[in-house]
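FYI, in the working numbering the residues of the sequence shown are 1374 to 1775.
The hints are simulated quantities; they were obtained by calculation from the structure and are not laboratory data. Do not rely on the hints blindly, as some may be mistaken.
[As the list claims (entries may be wrong)] Within a straight-line C-alpha distance of at most 27 Å, the following computed BS3-like cross-link-like pairs (lysine-lysine) qualify: (1) 1622 / 1607; (2) 1679 / 1390; (3) 1622 / 1602; (4) 1668 / 1622; (5) 1557 / 1679; (6) 1557 / 1505; (7) 1533 / 1505; (8) 1607 / 1668; (9) 1679 / 1602; (10) 1607 / 1557; (11) 1557 / 1668; (12) 1557 / 1622; (13) 1505 / 1537; (14) 1537 / 1622; (15) 1679 / 1668; (16) 1533 / 1622; (17) 1713 / 1390; (18) 1679 / 1607; (19) 1742 / 1537; (20) 1537 / 1557; (21) 1533 / 1602.
Please read these numbers as outputs of a predicted model, since none were measured by experiment.
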Amino acid sequence: EDELSLLDLLSILASHKFLIFWITLIFALGSIVASLVMTPQFRAAARIMNPIQRPSVLGILPQGAQEMARFAMPEIEGNLYVGMLESRSMRDYVLDRFAPQNWRELAGPGKDMSMGDLVTEYIGQMSAEATKNGMIEVSVVYTDPVLAAEIANAYVDGLKAMTKRLSVTEASQRRFYYEQELGKARVALSRSEANLREFQERTGVYMGQAQLSANIQNRINLRARIAGKQIQLKSLLTYTTPQNPEVMKLQSEIDALREEVQQLEQVTSTPDPLNPEGGMPAATFEYLQRYREWKFHEAVYETLLKLYETARLEEAINPVVIQIVDEAQPPEQRFKPKRKLMVVLATMLGFFIALFAAFLAEFARRASKDPEEKKKFDMVREAANPMTYIRHIFRIRQKPEA
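Please build the complete structure, drawing on both the sequences and the hints.
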């Protein structure tokens, strides 16, 4: 007898139909008003091709140049460009175009506006996504449809500028690395040449090519070649693993050159001017030391110069090209708020809350007729009332005064 049938449930809903209707209506009207009051926002999107590094064309170069660089390069992941688009430097670039000139003074720690609020106010919300079909979509959500399109296109322009400024491809990374090492080698070569010239002018000691044995010349050249190979190996390891075939090939070449140096040292029967042993005059020995240092830095500089020229050629042949598939256009329809969806969801939420309120009201009505249930219901209502807790605290505090 205590079980509720389907008819009982329907009768409860029917008896509280006005409560259900008004609660649902309030939620529906509230969502309509809220959607009308909210500022409309528009989404503009630009699409570019994911820049992929093409295979190297160094096969057309002479054999000597081929030995100084890799022949193929992997693809550049789209996540790299997505990260560039989401960087702080890119955000500042776009703010410089659309925000006031003194925008850096308007937001920050200790100021009225946070950087997030400033970005939302002047350039909206940007999102970049690399799709599986090889595209990168740059979208901007802003309150003005025309500005939303202009801001999205500004991000693409900023990406073009950033790829030209930064070393993105492996060829540009090698070029940048060799450029730095070339500057260091140039300074070292000038210093060693000045030291040798100063020693010659001070002591008058001079030895021509004919006075240097073939063994000495070969060892100087071999050590310079080893240094050049080591620099090339260090450059490769900046963007690849030790298991790479090119790395393993270079390492084997370095080991072979070192073995040649050891063999030349073993066959030396006369006093060795490259070692501090032997009965050679001190001035001549010091001259050979400085001469060796000069020739060593000269060979390193020449090797780096060839590597640098090769990297520049490869960078020029395989540049990063940002190809725009779709420029951002002012959207015709708003992106949000989605008024229909808001009204439907709010109405459904209000309806379920109204059902719960109807069953709760029916439970309260029935409990009021049963003395025991009414007593329990009053206890629950009293415990749930926040004023009860406040009065209880007040009485506790008032006891000492009494």
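Numbered hints the structure breaks, given as an ascending list: 2, 6, 14, 16, 19 and 21
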